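Undergrad: Spelled out, the chains give:
2 protein chains.
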Amino acid sequence: MVKQKLMIPGPVSLTPEVLQEMARPLIGHRTPDFEEILIKCWDNMKEIMRTKNDIILITGSGTAGMDAAIASTIEEGDECVCIMGGKFGERMADIVRSYGGIPREVKVDWGKGVDPDDVERVVEESDAKAITLTHNETSTGVIHDAKAIGEIAQKHGLLFIMDGITSVGGDLVEVDRWGVDICIVGSQKCLAAPPGLAMLSVSEDAWGVISNNNTRNFYLNLASYKKSLKKNTTPFTPSVSLVYGLSKALDAVLKEGMENRIQRHRTLAKATREAVKAMNLELFADEKVASNTVTSIRIPEKLTDEDVRGRMKREFGILLAGGQAQVKGKIFRIGHMGNVDYLDLLTVLSALEIVLKKSGHGLVLGEGVSAAQEIISNEIG
Amino acid sequence: MVKQKLMIPGPVSLTPEVLQEMARPLIGHRTPDFEEILIKCWDNMKEIMRTKNDIILITGSGTAGMDAAIASTIEEGDECVCIMGGKFGERMADIVRSYGGIPREVKVDWGKGVDPDDVERVVEESDAKAITLTHNETSTGVIHDAKAIGEIAQKHGLLFIMDGITSVGGDLVEVDRWGVDICIVGSQKCLAAPPGLAMLSVSEDAWGVISNNNTRNFYLNLASYKKSLKKNTTPFTPSVSLVYGLSKALDAVLKEGMENRIQRHRTLAKATREAVKAMNLELFADEKVASNTVTSIRIPEKLTDEDVRGRMKREFGILLAGGQAQVKGKIFRIGHMGNVDYLDLLTVLSALEIVLKKSGHGLVLGEGVSAAQEIISNEIG
Chain A
1 MVKQKLMIPG
11 PVSLTPEVLQ
21 EMARPLIGHR
31 TPDFEEILIK
41 CWDNMKEIMR
51 TKNDIILITG
61 SGTAGMDAAI
71 ASTIEEGDEC
81 VCIMGGKFGE
91 RMADIVRSYG
101 GIPREVKVDW
111 GKGVDPDDVE
121 RVVEESDAKA
131 ITLTHNETST
141 GVIHDAKAIG
151 EIAQKHGLLF
161 IMDGITSVGG
171 DLVEVDRWGV
181 DICIVGSQKC
191 LAAPPGLAML
201 SVSEDAWGVI
211 SNNNTRNFYL
221 NLASYKKSLK
231 KNTTPFTPSV
241 SLVYGLSKAL
251 DAVLKEGMEN
261 RIQRHRTLAK
271 ATREAVKAMN
281 LELFADEKVA
291 SNTVTSIRIP
301 EKLTDEDVRG
311 RMKREFGILL
321 AGGQAQVKGK
331 IFRIGHMGNV
341 DYLDLLTVLS
351 ALEIVLKKSG
361 HGLVLGEGVS
371 AAQEIISNEI
381 G
Chain B
1 MVKQKLMIPG
11 PVSLTPEVLQ
21 EMARPLIGHR
31 TPDFEEILIK
41 CWDNMKEIMR
51 TKNDIILITG
61 SGTAGMDAAI
71 ASTIEEGDEC
81 VCIMGGKFGE
91 RMADIVRSYG
101 GIPREVKVDW
111 GKGVDPDDVE
121 RVVEESDAKA
131 ITLTHNETST
141 GVIHDAKAIG
151 EIAQKHGLLF
161 IMDGITSVGG
171 DLVEVDRWGV
181 DICIVGSQKC
191 LAAPPGLAML
201 SVSEDAWGVI
211 SNNNTRNFYL
221 NLASYKKSLK
231 KNTTPFTPSV
241 SLVYGLSKAL
251 DAVLKEGMEN
261 RIQRHRTLAK
271 ATREAVKAMN
281 LELFADEKVA
291 SNTVTSIRIP
301 EKLTDEDVRG
311 RMKREFGILL
321 AGGQAQVKGK
331 IFRIGHMGNV
341 DYLDLLTVLS
351 ALEIVLKKSG
361 HGLVLGEGVS
371 AAQEIISNEI
381 G
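Quick mapping for you: the protein sequence lines, in order, are chains A and B. For the first sequence, this note's numbering begins at 1 and goes up steadily by one. For the second sequence, this note's numbering begins at 1 and goes up steadily by one.
No false leads were slipped in.
Note that identical chains are pooled: a pair holds if it fits in a single copy or bridges any two copies.
Capping the alpha-carbon separation at 30 Å, the derived lysine-lysine pairs in DSSO-like fashion look like this:
1. 40 / 227
2. 227 / 46
3. 52 / 231
4. 40 / 3
Honestly, the hints are just simulated from the structure, not real lab data. Note that the coordinates shown come from a computational prediction; the quantities given were computed from them, not determined experimentally.
Could you put together the complete structure from these sequences and hints?
TA: Have a look at this one:
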């Protein structure tokens, strides 16, 4: 028998406690009891994101959150500086475009970090209202320097809209210090909650823009959510079961403590990188800007995606993520976010060694695992 | 001790089997295993809605489904005949307006059924592209004649967009025979699945309009969902846990059989109506068009909402729904949809008698209950 292991960059495996929470009987969504759960989620999210801003909860995927952020701030004809460099950075520009906005693209090679000077140049050349950044670009395994982008936004008086979907809860995000006006979070990533909820922190400056925005939409209009905030509710029926799960997941995040949690993710990432190098694999992302929640790795030239991911799934029940768009079939990705612990990672790495060797890739069994063990060994008490 | 009972028109109580299903470990959402679950949900929805049309699944509330239907078909300047008569009928017009469409409103007094002649007149006076109907108007407890509206739409070559959120799975809905081009369903109502999923059936005619539509939106753009249908997936991460729950709930719907299920809802509704009349209460909705999934009742003049709903919750743990908008504080509503059985209803009615009597309303204890018993007694074998 082979146990199934989810090692994709979200949805991530949930703890039995979070899963069981979703099995609780439903209660009315307009009751004081549910209000209490919502308020606790909002407060905990503020702590996790280091912000005093309002938190909005939307039933929908992370993309629903991205859509809500853009639709509520960008009007037809508005320019918006969009930092590209991966599938999700591109999606943000697509959303701007879909609402009639004009994305001023900052090109970034896939796998590289954005150069703040490039951003500043595009900002100066354009008449933009906002800058969008995908903080942690899941498709390439890169984390961008959000603080530097926040400074540029502040200097030029632009809104800073950050997709923190795969960073919040796993890596350092300081919404208030970095001046993030809208930070978008997905439930099913580093927070290790079930998929289906998007959350957004919204600054006073952003509310100002939103209240004057004329973009046409309904379900994803943040102005409606703001009105409901006063009554501690949501404008449309929230997924009560998912909110139960989220609430339990956030308890676990804060019980671990954000500092410990970030350190765990960084150790997992470093161990992964050292291990794959010791397996004669090439990291796809520039190591200086490598993500701490997902690692992208080139598929060796003589091997196929099937040789790596197909075999991992078939033989060991481990689901890894493939490459998307321009890197489809060229890279694979290991998600090490949420509830992944050191032994989960060592397990995956040991399976990967076996699979690569069987598929004809040159490596010495155990060398990758021991490189990871070194990192982990240095980390623990 | 008092057990909590959810008797609102959704979210409804779920069976332990459906609740437990949500506690299953997550699997990858782009895997053959998940594909299989999705396809089964789609097929079962087709059977429940009596249609061969495509089924689209969106992570979001029922309103997300309404938004997707309108945003994907109505462009700026398009006229749309909107049948009003309740909060949700009005919401449909609001959504049309929010996308720059022009609602041609067919006024209907709250609590009354729409007169098809009124619809035809507005259709003839306008240059509309579509007709919207809230099949079962939850806010007033009225079910409208969808078949008649479908005929008008067909005769005039208009799209027929129907909100079936609180009818599908509880009352008769014949999407293909009635010519419903887009039928919107919510998971948390008559289907007795967890809240957070919207589904839409989309006809070939509707796809034709959608493919030529230029409304600007992203997450709720049905064209993206159509593209993903070919690959048996959704364009954005679906809520895997909710889909597990939905799948189990649909199994239960089909195990009961739609004919039995509709009959049960009709019996529950009739028993409720007879009981409340025997309690000297006044039905709010015209009995000829009274909903089979929710019953709306006037609060007696000398009583307040607190006297009825407050006391029901406090003393017996039963959550009933209040009136919304113009009937706030004037009516209360009993949801008898989803998994509500005959004994659940008798329980609620017996509690209601006690509460009303305690609050000073004139009635004879047991008369309402026995009226309901009569109806149920005639129904069973």
